[in-house]
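In our numbering, the protein residues as written are 2 to 345.
Treat the hints as calculated values from the structure; they're not laboratory data. A few of these clues could be false.
Claimed, not checked - Using C-beta positions, here's what the derived DEER-type ranges look like:
| # | residue 1 | residue 2 | range |
| --- | --- | --- | --- |
| 1 | 341 | 214 | 30 to 36 Å |
| 2 | 320 | 208 | 38 to 44 Å |
| 3 | 219 | 181 | 27 to 33 Å |
| 4 | 320 | 285 | 47 to 53 Å |
| 5 | 201 | 337 | 57 to 63 Å |
As the list claims (entries may be wrong) - Think about it this way: if two alpha-carbon atoms lie no more than 27 Å apart in a straight line, the pair counts; the simulated DSSO-like pairs of lysine-lysine are:
| # | residue 1 | residue 2 |
| --- | --- | --- |
| 6 | 63 | 125 |
| 7 | 100 | 87 |
| 8 | 64 | 19 |
| 9 | 4 | 57 |
| 10 | 4 | 100 |
| 11 | 158 | 277 |
| 12 | 57 | 29 |
| 13 | 125 | 204 |
Glycine included, each C-beta is placed from N, C-alpha and C at the ideal position.
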Amino acid sequence: MVKKVVLAVDRDDDLGQKTSISSPVIGKENIIKAAVRLATTDPEDSDVNTMFAAVKVFDELKKNGEDCEVIVICGDRNVGVASDSKIAQQLDEIAEMLKPERAVVVTDGSEDEFVLPVISSRFKVDSVHRVVVKQSKTIESTYFMIRKMLNDPKVAKMTLAPLGMIFLVYSIFLIFQHPEWGLGGIILFLGMYFLAKAYGWDKSIEEYVESMRVSLIEGRFSFIFYVTSAILLLVGLIQGINAAIAEPVAYRSVTFFVFGSVWWLILSGMFVTFAKAADAYAEGRRISKYVSIVFLLISLGFIVWGATNYILYPTVENAIRNLVVNFGIAIFVALVGVLPLRRI
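Let the sequences and hints guide you as you build the complete structure.
Dropping the structure here:
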């Protein structure tokens, strides 16, 4: 039992991924061995510096007569709920094993500090020590640092992907001799990108691409559904844009975009669901929930299509009746798709 622990945090589990060392790593000697092994595998990994910094803090506390221990805790390569849950589990093990009251947290900054609330919920955090590696301020070292960052898949996805899409969008408008639309297209893409990052939609996109890749490699029939859904999505966006361009009034152009694309997008979602159902069937899992999703998507299509139709043409004869009919069909389809399958 100790009164204080020095915690070196490796949220994305570089230590485990690169050295196969499981965490938590407890004790100065064990951590030094682990750090040397990680440094041998990847000398440029910043977690090496974090681990040695934790040992240094531990030595300083010991020198001052404090009763403490030094520990390395690691998360998971899937940074987020999975990694933080794994860290929380290790913290509970440490609390039960050593019963510390306080903690000094050592990180290399960036995403590792997101676990501070998890740590502070279990121990009183006395200090947070951020490790900053000294770099030469020459153009050459800056170049190599940038190159290393871009070779990191996580950094590349956050920087190269949006830049590539910006250039792609603008070049498409240049090819079709409408450069004035390029700025609008870029702003639209950036807005969608920021929304995707804010609400985690990018994870769904990554999962979709990965599922398509796996289905192709394993020769699954679901690959056809994935490709069809992507084509339908593209067609829907083009149809929506064509409908919106023809309308000069701003708010009506947005409505025309939705009106022109809604059923294409619904079909795209349905084919994604078909793909998921095909994968589930191949793996011997239940597919009833996917049947429900298809019916709910159709229901959503009637609601959105009916609402936009009424907004665009409110003065047409029987406009209210058509809106009510669409909503009624949507409710009926949703009930047909959900209620019977609850018992399956």
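Run through the hints listed earlier and report the numbers of any the structure violates, in increasing order. 3, 5, 8 and 13
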